[in-house]
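S.K.: In case you want the letters, here they are:
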Amino acid sequence: MPLFLSSSSVLFIFWLILSGHYTPFLLVIGIISCVFIVILVVKMEILDDEALPIKFLFSAIKYWPWLFGQIIQSALNVAKIIINPNLPITPTMIKIKPLQETDVGVVTFANSITLTPGTISVEIDNDNILVHAITRDNAFDLEQGVMNEKCKRFEGKKNNV
Amino acid sequence: MDIFINFISWFLLVGGAFFCVIGSIGLLRMPDAFTRLHAASIIDTLGFLMVMLGLIIQTGLTLTTLRLLIVVFLIFFTSPVAGHALANAMKHRNVKPVLHEDKWLNKLKSE
Amino acid sequence: MRNVNALRERKTMFEVTTFLILLAFSLTLISIFRGPTVYDRIISANSFGTLTVLFLSILGYLLGRPEFIDLAIIYAILNVISAVAILKYFRQGDLSKSDDGLKN
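Residue numbers (our numbering), protein chains in the order written: chain A, 87 to 247; chain F, 14 to 124; chain P, 711 to 814.
Please note: incorrect hints may appear among the correct ones.
[Unchecked claim] Cβ-to-Cβ under 7 Å is the rule here; a few derived chain A residues that face chain F: (1) Ile99; (2) Ile103; (3) Gly106; (4) Ala161; (5) Ala165; (6) Pro203; (7) Ile206; (8) Asp211.
Worth flagging that the hints you see were computed from the coordinates, not collected in a lab. Positions of the beta carbon are idealized from the N, C-alpha and C atoms, including for glycine.
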């Protein structure tokens, strides 16, 4: 029930932002449609903990600014490589073992790898992530494991699994 | 104050659009599909983020700002998924990436 | 008077950005037509979609109609859905198959 209420209120906030017209009639219609959609989702049995990851909010506030810094830094590096007339790329494939235990942690790590320009996660096995890096330095930086540690901290304690 | 805000958004908007141009130049210059993905991710991250921040600073605090933020979050959550799907499909279809070692070997053979 | 000047400066700013993004558009189009494999074309088309989102947002400011951002949101969603659908088609040859049949 708390999950029901919180997801319909998140939907309703989204509706409010997109709408921009606030007459009582439209507001009631909006509430009705939000509740209807959540009832449909409950009937489909896809409403679980992962549908509304509010418990990661605080760790996300700590993790995202670091990630944005990393994105800007590596995007500038890749831009420098593209402008360089010699095109100094040394494409490398490496395997990295993720330290995270939950699915959300591994997905966050793989998505962070892909979001950072210069590294792309190609395939996720049971215990390894195959990564394509545009230069050898990028691959080495990823192998040092700073981002891996940060994602481990992002995921938090292993609970209710 | 007005001049200051205008200066910052000049920098962000033109810088972001400049990075978009760099990313599309990279799409043309890179040798194979895997390296092209790196160039495409510059457009998706830095270029997009800078232009959107410039627009947000120009707008001030209204409902439009929230909508812009929604677009930013949408792209930042979905673009890595699309990138990973691309790379994974290429792996499944046995598209071989040009790796540094291969190039080095080829150079040694040709000499 | 000062207000008019500020307005004009804002307009120039958006015009310069639009021009640069149009340049990026044309370069991306060239790489869509040139790309040797299907995957190169899909990558370029995906970047083209991102650029479209940017272009629509800026066009809203240039024309003074912020409702264009709603169109940008829809384009952002459509872009991802189309990329994933095309890739699923090229990976499995069928949109309705699940992934389990492929693993051996």
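S.K.: Run through the hints listed earlier and report the numbers of any the structure violates, in increasing order.
M.R.: Result: hints 1, 8 break, sorted rising.
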